[in-house]
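J.: Sequence:
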Amino acid sequence: ISVSKCTSNCKLLFFKMLSSTLKQLQEKVEALEEEQNMKLKPLEDGWEIQ
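Numbering (this note's numbering), first residue to last: 1014 to 1063.
Just so you know, the hints here were simulated from the structure itself, not pulled from any lab data. Just so you know, even glycine gets a beta-carbon here, dropped at the ideal spot from N, CA and C. Incorrect hints may have been included.
Stated by the list, open to error - Keeping only pairs whose Cα atoms sit at most 27 Å apart, straight-line, the calculated DSS-like set for lysine-lysine is:
no.	residue 1	residue 2
1	1052	1036
2	1041	1024
3	1041	1029
4	1052	1041
5	1036	1024
Unchecked claim - What follows is a set of in silico ranges between Cβ atoms, one per label pair, in the way DEER data are often shown:
no.	residue 1	residue 2	range
6	1052	1020	41 to 51 Å
7	1051	1030	42 to 52 Å
8	1022	1043	27 to 37 Å
9	1051	1020	38 to 48 Å
Required output: the full structure, derived from the provided sequences and hints.
T.: Right under this line is the structure:
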């Protein structure tokens, strides 16, 4: 299928897929950041005590 034949409907579907994938990636990144923060917090508290 040539790109020129791709309808706006096809493009819309593509963008929907793309945005949902981006959302999933964002959620994964946020989860990882939270995990890192949980690991870092005790260290920060330790430094504060010292």
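J.: Against the structure shown, which of the earlier numbered hints fail to hold, in ascending order?
T.: 7
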